[in-house]
Amino acid sequence: MGADKKSIFGWLRTASEVPAFILFFAFTITETTTYNFAIFRSCYVDFGYDKSICEELGTGNANNYTEQIEEEVQPYANMILMVQEMITQVAPAMIVLVLGPWSDQHGRRPVLIVNMIGFCLGGIVAIIVASIESLSAWYFMGCSLLIALFGGVTPFLTAIICYISDITTEKNRGFRMGVFEGVMAAGTLIGTVLTSYIFALGGYITIYSLATVCFFLAFFFNLFVMVESRQFAENKTVRTNICSPKNFKDMVHTVFKKRENGLTLAVILIMITSTIARFIGHADVSVFYLFLRKKLDWDMEKYTLYKTFRDLLRIIVTVIGITILHKKMRIREAPLILVSAALTFASMLLQAWASADWHIYVAGVIRSLGGILAPMII
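Numbering (the working numbering), first residue to last: 76 to 453.
Calculated from the structure, these hints are not laboratory results. Glycine included, every Cβ here is placed at the ideal spot set by N, Cα and C. Among the hints, erroneous ones may be present.
Said to hold, decoys possible - Pairs of lysine-lysine, DSSO-like flavour, derived with a Cα cap of 30 Å:
(1) K246 to K403
(2) K369 to K126
(3) K377 to K126
(4) K369 to K246
(5) K403 to K126
(6) K377 to K246
To be verified - Derived CB-CB ranges, DEER-like:
(7) E160 to L210: 45 to 53 Å
(8) S206 to F295: 20 to 28 Å
(9) E303 to E335: 45 to 53 Å
Work out the full structure, taking the sequences as your base and the hints as a guide.
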């Protein structure tokens, strides 16, 4: 019994999947809520419509009048969300250029812990903005600025992937990355299932409060449970500042250094593929809900039902695909990446041309079949 407890605790010491699960649950419950919040606050604070009317936007109680209001308000809310996305993406994209070399010297945990601090502070600001009903959705920029200042999602994922690379071998890395992808999908799935119920129970404040609690849980797990994966000798490592030009030079050198058998070109192509996949995935997350509200009159409940279906299918396909195709049948990463990328592209086209609910579900099935793309690229 004691050995079992020791074994479980030992696993938890390197279980980067735990904070990833908690965070993606928190991200998911706030994602759709924030889109609704931007439209709702813009409606009655910035456009001056009656609050009770604004509450009907994007619900099953909508009528011709509220649809006209939404047509007017949504472009304004989209602008708020676009600025928010730019803040949370541009700065982290610049940070991540030097993050890898810096974390090679200083470790992965400092990056994870600093990111957690940003999420916690951003969550507190979100609660404050949601609590003061007279504040415009523009005040949500304070939340975005804090998250971007301390890193954001991209540096967090970079540090987690580096962490997993440190504690795995080439033989089991693909499987561990698949587990990581599945855990993120599980956090997203559970968050999707519960979002509409939590929102109905307590509204915006409850959603943001729960997300902030999750951020603090992930922070404390990183701080007190996880160990450093990157072992280095204090007297042999030259420490550098994260803004040092050496970090950027090291990053460029790592990408373009000569490798045997054309591996340098392979690394560059993988980076391009990862960038495209990230762009597609992020664009989908950013505008998909608003697209469905406008084109098919979906509300939050309908959207979360669809996302639950898609995320559950994605988990099943990812686990089966990684286990059977890659681990058992030993099919190499390259053909799996090609098939997954083609399926993802096809699903996005169908999604763009959708004119009925079932088109979206078919696109979701096709997209889920391409779910093994991310772990294979990593």
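For each hint given before, does the structure comply? Return the numbers of the non-compliant ones in rising order.
Violated hints (numbers, rising): 4, 5, 6, 7, 9; every other hint is consistent with the structure.
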